[in-house]
Amino acid sequence: MRIRPASLAEAYVEVGPVRRAPWWSPAGGRARLRGALRGRRLRVFLLRWATVLALIGVYEAITRLFFAGSLFLPPASEIFTRGMGVFVEEGVPEALQTTAVEYGIAFAVATLIGLSCGAALGAIPGARGVGRDLLQVLMALPQIAIYPIIILFFGIGPGAKIVFGVTHGVFPIMLSTMSGVGEVEETLPRAIRAMGGGWVAVTWRAVLPSALPSVLTGLRVGAKTCLLGVLLAELLSSVNGTGALVMMYSANGRIPQLYALTLGICVGAFAVNTLMTVVERRLTRWRG
Amino acid sequence: MSLFHPTGPRVGSLLSGSIRQAAMTVARRDHGTPSESDGAPASTVVEARTSGPSAAPSLGPSFRSSEVIRVEHLAVSYRRSDGAEVRAVEDVSFSVREGEFVTLIGPSGCGKTSLLRVMGGLLRPAAGQVYVNDVLVKGPMPDAIAYVFQDFALFPWRTARANVEIALQLKRVPRGERRRRALDALDMVGLAEVADRFPRELSGGMQQRLAVARALVSNCGILLLDEPFGALDEQTRLVLGVQLSQLLESAGRTIVFVTHSLQEAVFLSDRILVLSHQPCRIKKTVEVPLPRPRGPDQVKSPAGQRIEAELFQLLYRESLV
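Protein chains in written order, with the working numbering: chain S, 1 to 288; chain R, 1001 to 1321.
Certain hints may be false.
Stated by the list, open to error - Reference excerpt, derived from the structure (chain R facing chain S, CB under 10 Å, subset only):
1. Gly1121
2. Asp1143
3. Thr1159
To be verified - Just a few of them, taken from the derived set where beta-carbon distance is under 10 Å, the chain S residues facing chain R:
4. Ala27
5. Glu185
6. Leu188
7. Arg190
8. Arg193
9. Ala194
10. Pro209
11. Leu212
12. Leu216
13. Thr284
14. Arg287
These are computed hints drawn from the structure, not numbers from a lab. Here a beta-carbon is modelled for each residue, glycine too, at the ideal position from N, C-alpha and C.
Given these sequences and hints, build the entire structure.
Okay, here's the thing in structure tokens:
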């Protein structure tokens, strides 16, 4: 037995959005597939990839028509046929792996420092304003300027690369964690306290979930800038890793291979970004 | 099963329930949810209520034992951003009997919310003390007091059921019992079917009922409601007011309610404390001897209108100052 809706608006909400079977269940999977083939999403999907293919075609046409025989602008077809071989050349998989490992370490360290320092700054009311100003100045600086100093301290080995990745990745994470923790509405911690929760419950059940969307956005941005830092370090000075390889191919004039490698880096960055976006969307589904 | 009139299709018939119907509803609910065992049988409280608060004289020594809340010479101050100290509440004393519905009414910004927060142990008073069940309030008392906040304070990342459950989670109630009691409470406010929705997917009125369900689930004897209808439109307020009064009458709880709506105050209360502008003092205590259960009929009755007019006079003069 239940009460009738009090108003039209309420009636609408009660009939409200239909629950769908989850995507991983057979029925849900079929429904998603059917919907995808029929609906707007398929059109978006097709349009997206058609655009990519079209751009590749335009590039191919331009290079063939206006830059035929040019050393520095190989047509797309040549990049795919000759250049892709680079990924099985000796030393290349190892270089990619080196970069991936160093990037992983740098991002983990940046996350650790960014989350802890950001949460601490956000939790202290007085520190928030100062912290924000300072971080914004630090983020605006071209960090490339301090790279020579980093080399002084860490040499040109993996140490410098990781440190440079950390300095690039840590500030976005710290800034967004700080604002996420700092801007928690007062009402939710108060409700927790009224229901008998201590500071652990307030932190765990009110502050952290409130800050999560902002933190995840920071992590996504930080993942990108961290990779930027690692690659920059490799391009500038390193003797191994993907960036060093890119420099080598450029110097040696193996242009299709250079393009293929660059494309590979882009695909890697894209994959990281997609992963972060998916995680972000999964964890904050309640926002709708 | 819902506590609200089971067959009443519309507000009109919802209001016409007789005392016997109310008592029956109570009895049925007691069958349905054996976990809802308050100290006193709810039905006797309903009878006590309908005999009218006018029958019970205020604050005699013989009534001491049934006073569940005692506020003594309470003062609250806060520091403004320019550093000046402002007295929000000054020398307020009153007490609330068991099962009584007391409303605090006053001009906006007069310190009603501060007063309520001190009673809930969420704010430290500058002077004076509050006793709940003869225990000095030093902090939140989640076993005795449940709070409904002005803006509902729902957790947007929790479903309706999880929003109710958190009150039990913080008391370390085991998962199975938690779930069952949460569903019972949601059922009581008519939200059982939307238990798995997020607050964002609920209308304002449903969010408000969700907040009430969360306050009811922990079986506290005392409910503090801080302008629970403040954020709602007029029709929803009316309907929810009717539902709330029926729900609370049968639940037999002691209630302190903050509002600035005169009609709501007359409709819901046994006793109304009219507060003055800052610093907030008790200007007058108005008894509401209207029979229960009430509907708009009682509020529109000459007696009800007289009380509302008196409140208006008191508050109007207050706002002019």
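Original post:
What are the numbers of the hints that this structure violates, sorted from low to high?
Top reply: 4 and 12
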